[in-house]
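I would like the entire structure built from these sequences, with the hints used as guidance.
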Amino acid sequence: MKDNAINTPIDPKTIKGWGIDADPKNDPTYPMRKRMNAGEDPTPKRRPDNLQPVNVEVLKSIERPKVSAVFGTPAPPSGLSGMIRRQAFKYSENQYKHWLPLIVADRVNVVEGVVTDLFQGKLPNIWAEKGYGMEWKHNRTAFVTKMATIGAVTAGLVVWLSSGKKKKKSEFKAKDYLSRF
Amino acid sequence: MLAMDYRGPKRVRAVQKPMPEIRHPQDAIVRVLRACICGSDLHLYNGNVPDTRVGSTFGHEFVGEIVDIGADVTKVKVGDRVIVPFNIACGECHFCRQEMYGNCQESNTESGAIGGIYGYSHTAGGFNGGQAEYARVPYANVGPVIIPADMDLDDAVMLTDVIPTGYQGAEMAGIQTGDTVVVFGAGPIGIVAARCAWLFGAGRVIIIDKEDYRLDFARNYSYCEAYNFQEIGDPVVFIKKITDWMGADCVIDAVGAEAEGNTLQTITGRKLLQQAGSATALHWAINAVKKGGVVSIVGVYGPTDNLIPIGNAMNKGLTLRGNQTSVKRLLPRLIEHVQNGVLDPKALITHRLPLEEVADGYRMFSNKLDNCIKTVLMPPTANQ
Chain A
-11 MKDNAINTPI DPKTIKGWGI DADPKNDPTY PMRKRMNAGE DPTPKRRPDN
39 LQPVNVEVLK SIERPKVSAV FGTPAPPSGL SGMIRRQAFK YSENQYKHWL
89 PLIVADRVNV VEGVVTDLFQ GKLPNIWAEK GYGMEWKHNR TAFVTKMATI
139 GAVTAGLVVW LSSGKKKKKS EFKAKDYLSR F
Chain B
2 MLAMDYRGPK RVRAVQKPMP EIRHPQDAIV RVLRACICGS DLHLYNGNVP
52 DTRVGSTFGH EFVGEIVDIG ADVTKVKVGD RVIVPFNIAC GECHFCRQEM
102 YGNCQESNTE SGAIGGIYGY SHTAGGFNGG QAEYARVPYA NVGPVIIPAD
152 MDLDDAVMLT DVIPTGYQGA EMAGIQTGDT VVVFGAGPIG IVAARCAWLF
202 GAGRVIIIDK EDYRLDFARN YSYCEAYNFQ EIGDPVVFIK KITDWMGADC
252 VIDAVGAEAE GNTLQTITGR KLLQQAGSAT ALHWAINAVK KGGVVSIVGV
302 YGPTDNLIPI GNAMNKGLTL RGNQTSVKRL LPRLIEHVQN GVLDPKALIT
352 HRLPLEEVAD GYRMFSNKLD NCIKTVLMPP TANQ
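Residue numbers (my numbering), protein chains in the order written: chain A, -11 to 169; chain B, 2 to 385.
Read the hints as simulated data drawn from the structure, not as lab findings.
Among the hints, a few may not be true.
[As the list claims (entries may be wrong)] Capping the alpha-carbon separation at 20 Å, the derived lysine to aspartate or glutamate pairs in DMTMM-like fashion look like this:
| id | chain 1 | residue 1 | chain 2 | residue 2 |
| --- | --- | --- | --- | --- |
| 1 | B | K11 | A | E100 |
| 2 | A | K1 | A | D11 |
| 3 | A | K33 | B | D371 |
| 4 | A | K13 | B | E93 |
| 5 | A | K22 | B | E100 |
| 6 | B | K18 | A | E100 |
| 7 | A | K85 | B | D306 |
| 8 | A | K110 | B | E358 |
| 9 | A | K134 | B | D371 |
| 10 | B | K292 | B | D245 |
| 11 | A | K78 | A | E45 |
| 12 | A | K110 | B | E93 |
| 13 | B | K78 | B | E22 |
| 14 | B | K11 | B | D306 |
| 15 | A | K54 | B | E93 |
| 16 | B | K347 | B | E100 |
| 17 | B | K292 | A | D15 |
| 18 | B | K369 | B | E212 |
| 19 | B | K369 | B | D213 |
See the structure below:
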């Protein structure tokens, strides 16, 4: 910001040739028909008269000066996902440090949702929530094949991983370093 | 009230939630009469939009009856049946006064790039959406438009997003009389964009997708040529061939982040989330348009980065245009088109489900089951 001192604003009209080739019809922003730049706008910073009271936590982008006049109130940040979201909002939308933590927070939030369900004595009905009924009704063969493949791959992985452990254990037992000498 | 409830990627349910409240003097509460599942809802459903919080209610396409209004609401009254544009717009900021209602500065605290949208994550303002029995509608003096007495509610709900977005896709393409227009994506938006391209004087309209049932639908609804990209080889070479090796004058990307057709894009964009979605359609659009042509982007992408051939865009002297649709700006003209029979929005509806079966609706639309084009959700209170 300190470099701004040397960036003195200049009135463009004082520049020789300013605007001599301006062609209002050559407007690539069509179909924006009421185009104006901030200089043409008599009240560029105009805001609605009333502002929604901020009585829940709202995370504000650092690319804007104030909380918008209205905002959504459902699902304010909470828990571990909320902590991650608060950190994310310390960075601008121009940075991965903003977006990637938000994606992580979304995934953490899913686990929090399941835990909350369980604490409330509610077991998530995954079959219904994923709409598997529709797959069963309209796409049964592909659906069964997909599920069977996922099941077989999962079972195979479990068997492979568990046999690997046993093998390592047995290999370890076979080497009796103490009795070799 | 009953409302859709997001639980995580590909997991939603209908649950009882508290009634929405007036939180600003320009708020209204609407009893939802129809709500749709939009293709861009699938980005949320698949967990691809950052800051999509568990417990959120989606739904930015809905119409309803006003049941309560804030102290400053003067343009609508209790009992009015209204089209609710998907953008939340104050009508007073620098952008709204240029009719850029999709870019309002006073409806989203959580992002500088996008205005508020109903039920579209906290990145778009954290508002609950209309896949519910009731919804809070901010700035009720600005957004809602009273449904004409002779208009079917099914037509009206299509005017909240899908018809205006398809129309603006064609409008932004800068179509001149006789132009060849290619639309990537035969989902509801692409089908409408292809139909609307004729309204701007297109000479030839071509739509590209991989679902034969959607291509058949587009041939009938949009009066256009339709090709399956799995059967034509390289779609860019195909378009060059059928346009005397020039390329299309205008190309509309009506796919966005969920595109198929390129393994690298699919893996990095949709599976690993290393891009803001798969940019296959945009990639093809830039390469399939002629030199000096226009690419219009109405397909939705995430807020981070995408792999696209920007060097080709520069070398070809292309104009790239895109925006969230300014629904409010377009509604007067589009209502006229519907009333005059120029457009037939409700013909897009293929499925109607009760709100209680919202999970089935998402699964059906997402996986294109039962030849689904457009699904309407009916809240239990819709028939009261």
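Hints versus structure:
1. B:K11 - A:E100: holds, 16 Å
2. A:K1 - A:D11: With Cα atoms ~16 Å apart, K1 (chain A) and D11 (chain A) stay inside 20 Å; holds.
3. A:K33 - B:D371: violated, 50 Å
4. A:K13 - B:E93: This hinted pair is violated, its Cα atoms lying about 26 Å apart.
5. A:K22 - B:E100: holds, 7 Å
6. B:K18 - A:E100: holds, 18 Å
7. A:K85 - B:D306: Holds - the C-alpha atoms of D306 (chain B) and K85 (chain A) are around 13 Å apart, at most 20 Å.
8. A:K110 - B:E358: holds, 19 Å
9. A:K134 - B:D371: holds, 18 Å
10. B:K292 - B:D245: With Cα atoms ~13 Å apart, K292 (chain B) and D245 (chain B) stay inside 20 Å; holds.
11. A:K78 - A:E45: holds, 15 Å
12. A:K110 - B:E93: Between K110 (chain A) and E93 (chain B) the Cα gap is close to 45 Å, so the pair fails against 20 Å, i.e. violated.
13. B:K78 - B:E22: Holds. K78 (chain B) to E22 (chain B) sits at ~16 Å (cutoff 20 Å).
14. B:K11 - B:D306: Given that 20 Å is the threshold and the Cα spacing comes to 23 Å, the pair is violated.
15. A:K54 - B:E93: Holds - the C-alpha atoms of E93 (chain B) and K54 (chain A) are around 16 Å apart, at most 20 Å.
16. B:K347 - B:E100: violated, 27 Å
17. B:K292 - A:D15: holds, 19 Å
18. B:K369 - B:E212: holds, 9 Å
19. B:K369 - B:D213: holds, 11 Å
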